[in-house]
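There are 2 protein chains.
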Amino acid sequence: MSGKIYEKEHQIKYYECDTTQKMTISMLLNVMLHVSGEQSYLLGVGDRVLAEKGLTWIILQYEVKIERMPVFYESIKITTQATSYNKLFCYRSFKVYDTQGNLCVTVNSTFALMDVQERKMVRVPAEIVAPYETDFSKKLIRTPKPEKVNEEKKTSKDYQVRYLDIDSNRHVNNSKYIEWAMDTLDLEFLTTHEIETMTIKFEKEVHYGQLIHSEISSMKNQDEATITAHRISTEDVTNFEASIVWKATV
Amino acid sequence: MSGKIYEKEHQIKYYECDTTQKMTISMLLNVMLHVSGEQSYLLGVGDRVLAEKGLTWIILQYEVKIERMPVFYESIKITTQATSYNKLFCYRSFKVYDTQGNLCVTVNSTFALMDVQERKMVRVPAEIVAPYETDFSKKLIRTPKPEKVNEEKKTSKDYQVRYLDIDSNRHVNNSKYIEWAMDTLDLEFLTTHEIETMTIKFEKEVHYGQLIHSEISSMKNQDEATITAHRISTEDVTNFEASIVWKATV
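Read top to bottom, the protein sequences are chains A and B.
Numbering of the first sequence is given in the working numbering, commencing with residue 30 and proceeding in unit increments.
Numbering of the second sequence is given in the working numbering, commencing with residue 30 and proceeding in unit increments.
Incorrect hints may have been included.
Heads up, the list lumps identical chains together, so a pair's fine if it works in one copy or across two of them.
[As the list claims (entries may be wrong)] Within a straight-line C-alpha distance of at most 25 Å, the following computed PhoX-like cross-link-like pairs (lysine-lysine) qualify:
#	residue 1	residue 2
1	Lys-168	Lys-183
2	Lys-42	Lys-183
3	Lys-82	Lys-42
4	Lys-106	Lys-42
5	Lys-276	Lys-233
Keep in mind that the hints were calculated from the coordinates and are not lab data.
Predicted model, so just to flag it, every value in this text is computed and none were measured.
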């Protein structure tokens, strides 16, 4: 693993937490992306430099492993590192530590560059990634695939995309898919279970005004843990898939 | 005006901004409340101390005046001061400054204490407010009332309360009402207008699973500025009212 490591402290605010006072996964991913965005900015390859070239980063995949989700008012340290890249994909890891140095969360992610006008992925230019001092490797990294929704056991909810779901990339912010996926679970389940691992795949961007169809199915793995599989679609196009392994807290 | 002033720097993150790269009003109010919560914590009367007494702060009213809404990656300074209190109400002001010291936003707010079990307002105990060094004044402060929704010209949208709308007070977070109110406006209007002033009144808390009815009507004032009036209700109970004076940006 190569690549400069960047780190930042973050104090958890009440509005980043759910009713159990734990930080939400969607807010954690938002904060992490802010930290990697800051590293890019400080290395001279921030969002504005990319925008001048007509480019923006998009996220294709997250693999999340949670040892302990940090809670309200806790100070955490987030580290991030661009670990390798190839013709089309850039791999980046994030780690979250508490003040005692315990590892709380690990996230491995896959990024790509999108041409803002064409809305299409482009080859990664060497000058954009050079400042991170990350190795080029022809090898594609095999990333785990989310479990598929069981068509016979699924339930669903519909959502209309709102103005505040849209970010400066003029599409739905990544964290919103996670909110739509989580909202298919009921309050009783969400207040008595925690995420252990989560695999997320972003397939196709969603725009303002679209109608979102959020599907879920649930099963048990060999350890009797609940696994939920999620799919978000718009007019039969799959935009997002994810699966979550849960642990009971009570 | 009496009361200790507390201040804090804040750097604006991309996920606190809308598609125009300006900070959203709902996120600004979230961040402001974090700052006043931190003042309370540092003065020894934080949320946990209140919770031990079975109490929590609730917000009844906001009056917002925006000179310029800060933008992505800007550093702002937020100051807050408890300005006076009486038997039931505590008044607190917030100011937001940019790095050149220009005043960007002023917010005057009215708080009260709620008994968490009874879900009712209680008399403000002297020992809770003493650390802020704020004057007691019998006089109730007259706060402006939001414009009423015009019943003959109104339109509306419905929303289901989601798990992530609920905060650690086990009711809908204040910022969510503002999001439901704003979402009744269309993309074209929101990207060509900015909030100049906003008057917000929280009437009655909303809980998980409730169906939200968000109404809006629009009119012009004597300066030809657009004013929108908003009401949020659940089963004919009014939970929230607000009005906004807008300025065109193009």
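Hint numbers not upheld by this structure, sorted from lowest to highest = 1, 2 and 5
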